[in-house]
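Asker: Sequence:
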Amino acid sequence: MVRDAHRPIRKVDRLRRRTLSDVARELAMNPRQLNCLLERERCTYREILDEARYALALRLICLTDLSLGQIATVLDYASVSAFTTAANMHDSR
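For the record, in the sequence shown the residue sitting at position 9 is 9 according to this note's numbering, with numbers rising by one throughout.
What the hints contain is simulated information worked out from the structure, not anything from laboratory work. Backbone N, C-alpha and C fix where the C-beta goes; we use that ideal spot for every residue, glycine too. Mixed in with the good hints there might be a few duds.
FRET-style restraints, in silico, Cβ to Cβ [said to hold, decoys possible]:
1) Ile48 with Ser79: 22 to 28 angstroms
2) Ile61 with Met29: 32 to 38 angstroms
3) Cys36 with Asp65: 42 to 48 angstroms
4) Asp91 with Gly69: 18 to 24 angstroms
5) Gln70 with Asp50: 18 to 24 angstroms
6) Asn30 with Asp91: 17 to 23 angstroms
All chains should be built: construct the whole structure from the sequences, respecting the hints.
Answerer: This is the structure:
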């Protein structure tokens, strides 16, 4: 169980460092090309990142004893309030 709790935290670190250009490079394409593909799917890189952050937040809540404040910090939210606002916005979709 402890190992399971560490996985989402490691994923957060990788997620933070990945830009659209990084992902495009990994896919062997131009960032504009990737952006166009995302537009065709009616989504943005930012939306995908937000979705990933939300999924990681849920895992951290379920698999760790971290407080909401600690999870907000790990996920780079400015405050617990910003984190809960983002979570509520995601849930209302």
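Asker: Look at each hint and say if it fits the structure.
Answerer: These are the hints, each one checked on the structure:
Remark: the range hint 22 to 28 angstroms for Ile48 to Ser79 is upheld by a beta-carbon distance near 23 angstroms. Checked against the given bound of 32 to 38 angstroms, the beta carbons of Ile61 and Met29, roughly 35 angstroms apart, stay inside it. A hinted range of 42 to 48 angstroms for the beta carbons of Cys36 and Asp65 is consistent with their spacing of about 43 angstroms. Range check, Asp91 to Gly69: about 19 angstroms between beta-carbon atoms, so the 18 to 24 angstroms window is met.
For the pair Gln70 and Asp50, the beta carbons lie near 20 angstroms from each other, so the given range of 18 to 24 angstroms is met. For Asn30 and Asp91, the Cβ-Cβ distance of about 35 angstroms falls outside the hinted range of 17 to 23 angstroms, so the restraint is violated.
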